[in-house]
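Peer 1: Keeping the supplied structure of chain U fixed, place chain E upon it in accordance with the hints.
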Amino acid sequence: MERYTLSVLVENRAGVLSRVVGLFSRRGFNIESLSVGPTQDERISRITIEVIGDELLLEQISKQLSKLIDVIKIKTLRSSEIVKRGLVLVKVKVTPKTRSEVMEITNVFRANIVDISTSTLVIELTGGNGKLNAFLEMIEPYGIEEIAKTGMTALERGTNTLKLDK
Amino acid sequence: MKMTGAQMVVSTLEKNGVKVVFGYPGAANCPIIDKLSFSSIKHILTRNEQGAAHMASGYARVTKTAGVCTATSGPGATNLITGIATAYMDSVPMVVLTGQVGLPLVGKDAFQEVDITGATLPFTKHNYLVKDGLDIPRIVNEAFHIANTGRPGPVLIDFPMDILKQEFEYPDAEEELNIKGYKLLGKASEPQIKKVAEAIKAAQRPMILAGGGVVISDAVSEFRAFDDITNIPVMSTMMGVGVMNSTDRNYYGMLGSHGSRAANALINKADLLVVMGSRLGDRTTAHASRALEYKCRLIHIDIDPAEIGKNIQPYIPVVGDIKDVISQLKPLLQDYKVSEEWDKEAQEIKERFAQKIVTEDTGTVNPKYFLKRLCAKVGSNAYIATEVGQNQIWTTNYYDFTSPRNFLTSGGFGTMGYGLPAAIGASTAQKKLPVFSIMGDGSFQMNLPEMGTMCQWDIPVKMVVFKNNRLGMVHEHQFMLYNSNYQAVYLDGSPDFNKLADAYGIKNSYIKENSQIDGAIDEMMKDNESYLLVLEVDPYETTGDSLNEKPMTVKEDN
Numbered sequence: 001m002e003r004y005t006l007s008v009l010v011e012n013r014a015g016v017l018s019r020v021v022g023l024f025s026r027r028g029f030n031i032e033s034l035s036v037g038p039t040q041d042e043r044i045s046r047i048t049i050e051v052i053g054d055e056l057l058l059e060q061i062s063k064q065l066s067k068l069i070d071v072i073k074i075k076t077l078r079s080s081e082i083v084k085r086g087l088v089l090v091k092v093k094v095t096p097k098t099r100s101e102v103m104e105i106t107n108v109f110r111a112n113i114v115d116i117s118t119s120t121l122v123i124e125l126t127g128g129n130g131k132l133n134a135f136l137e138m139i140e141p142y143g144i145e146e147i148a149k150t151g152m153t154a155l156e157r158g159t160n161t162l163k164l165d166k
Numbered sequence: 167m168k169m170t171g172a173q174m175v176v177s178t179l180e181k182n183g184v185k186v187v188f189g190y191p192g193a194a195n196c197p198i199i200d201k202l203s204f205s206s207i208k209h210i211l212t213r214n215e216q217g218a219a220h221m222a223s224g225y226a227r228v229t230k231t232a233g234v235c236t237a238t239s240g241p242g243a244t245n246l247i248t249g250i251a252t253a254y255m256d257s258v259p260m261v262v263l264t265g266q267v268g269l270p271l272v273g274k275d276a277f278q279e280v281d282i283t284g285a286t287l288p289f290t291k292h293n294y295l296v297k298d299g300l301d302i303p304r305i306v307n308e309a310f311h312i313a314n315t316g317r318p319g320p321v322l323i324d325f326p327m328d329i330l331k332q333e334f335e336y337p338d339a340e341e342e343l344n345i346k347g348y349k350l351l352g353k354a355s356e357p358q359i360k361k362v363a364e365a366i367k368a369a370q371r372p373m374i375l376a377g378g379g380v381v382i383s384d385a386v387s388e389f390r391a392f393d394d395i396t397n398i399p400v401m402s403t404m405m406g407v408g409v410m411n412s413t414d415r416n417y418y419g420m421l422g423s424h425g426s427r428a429a430n431a432l433i434n435k436a437d438l439l440v441v442m443g444s445r446l447g448d449r450t451t452a453h454a455s456r457a458l459e460y461k462c463r464l465i466h467i468d469i470d471p472a473e474i475g476k477n478i479q480p481y482i483p484v485v486g487d488i489k490d491v492i493s494q495l496k497p498l499l500q501d502y503k504v505s506e507e508w509d510k511e512a513q514e515i516k517e518r519f520a521q522k523i524v525t526e527d528t529g530t531v532n533p534k535y536f537l538k539r540l541c542a543k544v545g546s547n548a549y550i551a552t553e554v555g556q557n558q559i560w561t562t563n564y565y566d567f568t569s570p571r572n573f574l575t576s577g578g579f580g581t582m583g584y585g586l587p588a589a590i591g592a593s594t595a596q597k598k599l600p601v602f603s604i605m606g607d608g609s610f611q612m613n614l615p616e617m618g619t620m621c622q623w624d625i626p627v628k629m630v631v632f633k634n635n636r637l638g639m640v641h642e643h644q645f646m647l648y649n650s651n652y653q654a655v656y657l658d659g660s661p662d663f664n665k666l667a668d669a670y671g672i673k674n675s676y677i678k679e680n681s682q683i684d685g686a687i688d689e690m691m692k693d694n695e696s697y698l699l700v701l702e703v704d705p706y707e708t709t710g711d712s713l714n715e716k717p718m719t720v721k722e723d724n
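The listed protein sequences derive, respectively, from chains U and E. Just so you know, the working numbering puts 12 at position 12 of the first sequence, and the rest follows in order with no gaps. Every position in the second sequence, counted from 1, becomes a number in the working numbering once 166 is added.
The shape of chain U in the complex, shown without the other chains (with noise of 0.2 Å):
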């Protein structure tokens, strides 16, 4: 079993997401992280899935997605050829005592500080899986309040993009 990243261009059109989920759950593949949003072209969106599986199962769910008539194109993402990257926000309990040590860890991470009362703090970082996670169990001692989490979201390195056909 793989983490597999699939990108996807949709005609922006209202209900398009909801035939993309929809697929998902009707045949029994799961969604493990998902984002959307238009591209410069406002007419298109990309939809960025990332599923757990392996090569067969990858095949059929971009077989599947690619009869979906407002899907218009598909590229399976290799984890070495792409930038992906998430955006977490979470709710960080502190005290005085404790406020310098998260600041620290926000840190070393270079997450940022977007908001501060006096018992708690608001993070926000960016980054892979590894390190969303990673600093999730370092904050996670001083007690977590609330996370708030967006699916990945991806682009490949270099020269090669995932464009309309002319």
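These are calculated hints, taken from the structure and not from any lab test. Computed from a prediction, not measured in an experiment: that's the story for all the values here. Think of the CB as a built atom: it goes at the ideal place given N, C-alpha and C, for glycine as much as any other residue. The hints are all genuine.
Computed spacing ranges between beta-carbons, pair by pair:
no., chain 1, residue 1, chain 2, residue 2, range
1, E, Ser203, U, Ser18, 32 to 42 Å
2, U, Arg27, E, Asp298, 30 to 40 Å
3, U, Asn160, E, Pro337, 37 to 47 Å
4, U, Val21, E, Thr315, 23 to 33 Å
5, E, Thr315, U, Lys75, 16 to 26 Å
6, E, Leu343, U, Gln40, 21 to 31 Å
7, E, Asp275, U, Ser25, 21 to 31 Å
8, U, Gly151, E, Tyr706, 52 to 62 Å
9, E, Leu343, U, Arg157, 34 to 44 Å
Peer 2: Okay, now just chain E, sitting in the frame of chain U:
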């Protein structure tokens, strides 16, 4: 030009060559019904929306182009669903027009509102909710294009009522079709086809499984020509019945849980199986999945890439239209013939499993014998629709189809209630050949009110009902798997079907002996009008030709 949305819908239907719409009115699709009355298109009122969907589906199988049905919002739309899913599973082209509550009311749980695009997402090829009246011509044209091309299927368009009634200023020139996410396949890959040819040559015991894809790609004559040269034993799926002439020496019957013994035995001996245009569904591979996974090399040819590797991993995958693939493959195998030993072995197996049919009088009609006699009398000069259950399996295995388009059945979805309306659809599509609806007394009662449609619109259908006063297929299932605990299968309370036909003004008769069959068929065929023939059938008659066959025991009843 200025037009209402509904006018534009109807005008675009006309441009797409639509002659008939099957449907049922309600407030939300009334604007369409209204404008249809001013057009060249005939609207056929059914008795239930499900009937409309099956009729469009039967119509499509005969005309090879999308059938059209319409229903109102809410319950009208949900009644269509069974018909849509039936068409989807058997890759039948269909365009479904539903009315929807006015756009400002969508999402407010308005009267007769249902999210029909959401509901039909899993079993339409595509669907649309129209949000701008100016999109109507583009969407309707796209719907026909998507439904009819590639692997065909149903497409649904949901029209909010206010958009149908509102006037729009439409541009004179139509937009050209350009669907970014829907491109048709090119030619199948040449290197892959070379590999297929090599694999066939190298095999000792090759077989071909012909599926519905051969029919849809109109490759039946090419397929037969190919098999004439290579002599490879052929079996079919249910949707592929008739691809080979059923009495052809190289045809071994249907594969699968209700298929012929010969086909099921042979597949377990084959070392190579060439699958053409089949999903390899679980019923088809019921007695063969182990052989296909471990013993026999599989070549899977299909127009839908997602079917390849979905159920069984192939040794050689080929994505392509069957007609194109055969035309490329045939020249490569011009000098090839299957080995005489394999041919002989296959023929011996076929002979060994040949079944003897009871023809003498026993107090009930033998359905298998009836179908043989019906076939002898009308042959391929008729369309035969079946319901689902024993009637379907008997027809599949005992009516000797010589062309696949003459056989209408719900293969993948197994929909009881399909046959009668589908037969009405087939009879609407053409007047030349009689259409038979072969049914059991269970499935007949599923969409029985459609006899009214038949009468109102003068659509002749020859109805044949195998009457055994029970749901025979489930009865058989309970015999095999539930220790003969026959539950919920008795149809006590059924009406006298002949009296019912009388009430509709449909000629009818009832027989219970094999010797009455020929006379009854002649009588039924005499006039070009609807007819109901009720046959008393032995309740313990099995479908029987599969590997599981044992005679059903009598453990009467209660």
